[in-house]
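Novice: What follows is each chain in one-letter form.
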Amino acid sequence: MSIFVDSDSRILVQGITGSEGSFHARQCIEYGSNVVAGVTPGKGGQMFEDTVPVFNTVAEAVTATGADVSLIFVPPPFAADAVMEAADAGVRLAICITEGVPALDMVDVVGYCNARGTRLIGPNCPGVITPGQCKVGIMPGFVHKEGRVGVISRSGTLTYEAVDQLTRVGIGQSTCIGIGGDPVIGTTHRDCLERFAEDEGTDAVVMIGEIGGSGEEEAAAYIADDYPLPVIAFIAGQTAPPGKRMGHAGAIIAGGKGTAAEKMKALTAAGAHVVESPSEIGAKVLEVLGD
Amino acid sequence: MSIFVDSDSRILVQGITGSEGSFHARQCIEYGSNVVAGVTPGKGGQMFEDTVPVFNTVAEAVTATGADVSLIFVPPPFAADAVMEAADAGVRLAICITEGVPALDMVDVVGYCNARGTRLIGPNCPGVITPGQCKVGIMPGFVHKEGRVGVISRSGTLTYEAVDQLTRVGIGQSTCIGIGGDPVIGTTHRDCLERFAEDEGTDAVVMIGEIGGSGEEEAAAYIADDYPLPVIAFIAGQTAPPGKRMGHAGAIIAGGKGTAAEKMKALTAAGAHVVESPSEIGAKVLEVLGD
Amino acid sequence: MKLHEYQSKALLRERGVTVPDGHVAASADEARAAAEKLFAAGSARVAVKAQVHAGGRGKGGGIKLASTADEAAEFAGAMLGSQLVTPQTGTEGVPVNTVYIEGGADIANELYVALTLDRSSRCPVVIASAEGGMDIEEVAETNPDAIIREHCAPGWGLRPFQVTRLAYNLGLSGKAARGAAATILKLANAYRDLDASLAEINPLVITGDDNVIALDAKFDIDDNALYRHADLAELHDPSEEEPLELEAAEHSLSYVALDGTVGCMVNGAGLAMGTMDEISNAGGFPANFLDVGGGASVERVANAFRILMKGERVSAVLINIFGGIVRCDRVAKGVIEALGTVEVNVPVVVRLQGTNAEEGREILRQSDLEFLVAETLREAAEKAVNAASGQAEA
Amino acid sequence: MKLHEYQSKALLRERGVTVPDGHVAASADEARAAAEKLFAAGSARVAVKAQVHAGGRGKGGGIKLASTADEAAEFAGAMLGSQLVTPQTGTEGVPVNTVYIEGGADIANELYVALTLDRSSRCPVVIASAEGGMDIEEVAETNPDAIIREHCAPGWGLRPFQVTRLAYNLGLSGKAARGAAATILKLANAYRDLDASLAEINPLVITGDDNVIALDAKFDIDDNALYRHADLAELHDPSEEEPLELEAAEHSLSYVALDGTVGCMVNGAGLAMGTMDEISNAGGFPANFLDVGGGASVERVANAFRILMKGERVSAVLINIFGGIVRCDRVAKGVIEALGTVEVNVPVVVRLQGTNAEEGREILRQSDLEFLVAETLREAAEKAVNAASGQAEA
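Protein chains in written order, with our numbering: chain F, 2 to 292; chain C, 2 to 292; chain X, 25 to 418; chain V, 25 to 418.
Calculated from the structure, these hints are not laboratory results. Hints may contain errors.
[To be verified] Derived DSS-like pairs (lysine-lysine); straight-line CA-CA distance at most 30 angstroms:
id, chain 1, residue 1, chain 2, residue 2
1, X, K242, C, K258
2, C, K44, V, K210
3, X, K210, V, K210
4, C, K258, X, K26
Note that the structure is a prediction, hence the values are computed from the model and not measured.
Next up, chain F with everything else stripped away, as it sits in the complex (with noise of 0.2 angstroms):
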């Protein structure tokens, strides 16, 4: 069991032809996913690894190949308009990887995505994997393994970090997700947290959170609310200082609003098992399933 993605996603690659497309796109092939479409408009006809059929527009796509799941290499001046092209088209789930888009930008992809129903992840995100079944993203797929226990993170290595952790104490994963490290993003760490709940698959959650904005206040008043499942959380940033971007576009500390302690005094309260550096990650959950 898994959410977003298994191994019945149909997945559309947008910007396949481009170097950074392309190449992920054959890391996602590599590892089993089922990669149906390419878009790149004007490169209609070609085939991409001769396997691949690459499309003009993400319409033709679907139509074409019945791609469910579109993951998305797209400069940032022409990100926004990607996403809406796929959301148009009907895909369940867009997937943007892009860094750099701006933030108003997504403002209103995320309003066209809602009313559309499509699911977006990211943008400036590693993608989604549910591990031994399907990778779509750009993250190692090799320091995964099959399991029951889900991993939401805003950031990329430093998911791998923890991914990796649970790996060598034997601990696989579910699905793991990485919603991305911008201040607008499709899917908050709370919308996963629902999903999770209500997957089978899914015996504990690795939620790992980082400074700036209220996104894991909010998942920690959803978690405070009976949440079924045990959350181990990480917060990155605990030694950030106020009023300056930690890399990301989002991790800010803003009018001293956003701060790793607050978020892990909700955390805390609302139940979840909460460490203080990031090394305790693999063995927290151990301790925890062991209980």
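The hints should help you fit chains C, X and V onto chain F, whose structure is shown.
Specialist: Chains C, X and V only, in chain F's frame:
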């Protein structure tokens, strides 16, 4: 029984201190409608007719009075904004009387109302009346009579004519709706037919269409699919020339489409009782109900 | 409000759409000078195009290609001052007061593209087809699958991916696709910003070197929105309109001239159409549509009468008023007062219904003026048709 | 990217918002001339305002009222070239290179109004309060009910009724309400059109005769959107920024200077923060945040090292790389090559994990350079903290 409005409707009048608004608000109150609030920015705190409190904003009025239906008399440049304000404040039904609103304004308004779950009737319409219970519009109340025939029409006086014929032959009305004569309207013939079908207090529907657009054809397609009530229809403009706007902004045969003949044909094929003369409406309803 | 081709193209040019060079001319001499300029700038031929609001100009001889400036002047001279008859005008045609002299284009491909209002989905829609130059109605009849649509969703408008999709669906690629997509987006923005009800480029030309040019253009502006477009309102050219319709519009009356003999004056557009239909049912022919409006004040009634009576074929008048909020007795007094100020030399049938109808009828009966008073609409129509045919025989 | 008050006001003035007359001055003489102009134009007093990006200028002495041009020159002279310390700067303060000399306003009422991004509802929001002049964070603490919000729905933006509602909810009426509503709508349009992340007017002043004036203004522009605002990018004033952060940005590296002694270089922002946290857990203090990015190419690693080592307090370096798609052996080679080009005179702890981590570690061990190699993040942090304190003692 009735659709859209009844004696429980709590009515708010936007533009209540204007000349049209105040005149018709008074007429509605005289008819017995429950006018609970008025709105005119800058006139908040006044009382209308010593009984109806006036507010600066619709949100305030709704909060203070529980108004759920808004009757809108606001000049064309401000009408779209006024309807949006009503929708944003959560009124269930907005009835826009104003004539002369730019069509593209109404495109936005209809989209906005749909997104917020507010039903819009109009613009450029006489409003809605449920005889004996509630008049929310500018129609002459006295021609109406309580009863079990629903009336839907794009026009004003032609509706009064039809209703008058019904009343004279002893047939009362459940609810009469003027949907408006503009090209973009909030509620269509079909929408009203759907609601009448669910109304236990309605035994038959009189549908008055006119040239222009395809609302009557869409209603016909809906009726053709086992519509449970008899429909008596008249289409105005059988003698109208192509390419000329007949008073109403929406009444125009454009590109050879939207003729009365087409509409009458579609309705006849759908099983509606189509009369060729506006004088025959009352008699035809009597005949159909007598069957 | 319809705009001429040259006005529409100026609006598009301002918005970055490529249009051929061209000059307006109101005389053969101006046409010659314009053509000379275009030939000097390298045009191989110039088009002389009658500036009228009706479509189908080509078929009516309103577009001619000239190879010399003299030829252009000759064509312009013949068009100017003439009545141009096209499939979209009546048999009388419409007056040509201006011609547009325009350079040629290297046409490789012609497309049709327009923005209009989709009343059914209640939002604007781009309509396009690869069969440029043809009437879209004709394409809709003969090859409906060739028509491609993209809707402009409320709040969102037309998005870039939609125009790209449209360009590829029209069979374009590369530079031509990008150029067409950009042009269509500009057209859509113009449609929105100008409150148009129609914005059409037909044909949209792809040249041999994949440039995209608007070879003809047409805007129709929403009259209800003119209050916020003072600059556009100034472009109004009333020369093709019915003088009586213009006069009516000045008095905020809605009037449409028709071919019949029974003039009518009604309160409300729907009832006015219904009254025309009833006249037809009674065997007659309406001379006009006229909505005198809800209030039916003395002044409006008087103005309406004056305009109505100018209809050349009017042999009888039918006044049909449904008194709602307005009382019929007041309307009756208004009619009497109004008729005192207008010379009416044909029979007038009055039908009053609704509030205080009986009192109104009584007032009419007792007046010095001669009215035929009717109770129902049918009765009124029959009386008016009879009166008109009697009058016609007399 | 933050804009100065005078830049923000120029942007507002272009968009029809009323702002007081004012002039920029970079010297006491320019300040005197500016003040003379304002006094000549009728100002009773002028304000001398330090142009720095930090808020709380008033409390830090960065805003002074002058009654004569000489006094203005004196204030300006004292401010210019100084470091201004406000509640929002560090103890070092920020340099004042420019002052803004501005005419006074007849203040009857002061409001706060700003557009910012509501991350939670994922759309822009207008935040307003009748307590103008105060920090909004302070109002949020002490009197949260005084804060009024209106959201800008995706696709729809801020509608006119919302700004009207806002004005009435702020307790305004009549001309002041209309003026404030119009100003807020213009501010919201500026926020949207300029891709701002913050657009603030504080205070928004209602004058004695109910005019509405922006007495202070602040824009913060979304860096990700600067590619489409070349004109705004030119307004960038880097003088208040950390030189190392600027240098890092030029190399597309994300670097933030901190107070500690353990320099760190990490791939990925989240892991970089986590590494800082782990250094802290191990009893040390990070000297910086530095995300070297996903690729971690030789050039990037070298640039990162160069910048990192310029941190004055750096006594040890921790390199933490999680090899995902990028292989650790390649990263190891890159680190060695990079270190060949940069002088590093402090201990360097390297922790490699992920793809080919063991191979990478082996390469480091066998190189000529001295590395402390660690396997886990905890181990790496501990080694680095120990090394740093050892270094500090040495």
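Novice: If a hint holds in the structure, say so; if it doesn't, say that too.
Specialist: Going through the hints against the structure:
1. K242(X) to K258(C): Given that 30 angstroms is the threshold and the Cα spacing comes to 20 angstroms, the pair holds.
2. K44(C) to K210(V): Cα-Cα ~25 angstroms, so holds.
3. K210(X) to K210(V): 25 angstroms, holds
4. K258(C) to K26(X): Satisfied, since the Cα-Cα distance of roughly 19 angstroms is no more than 30 angstroms.
Hint violations for this structure: none, all hints satisfied.
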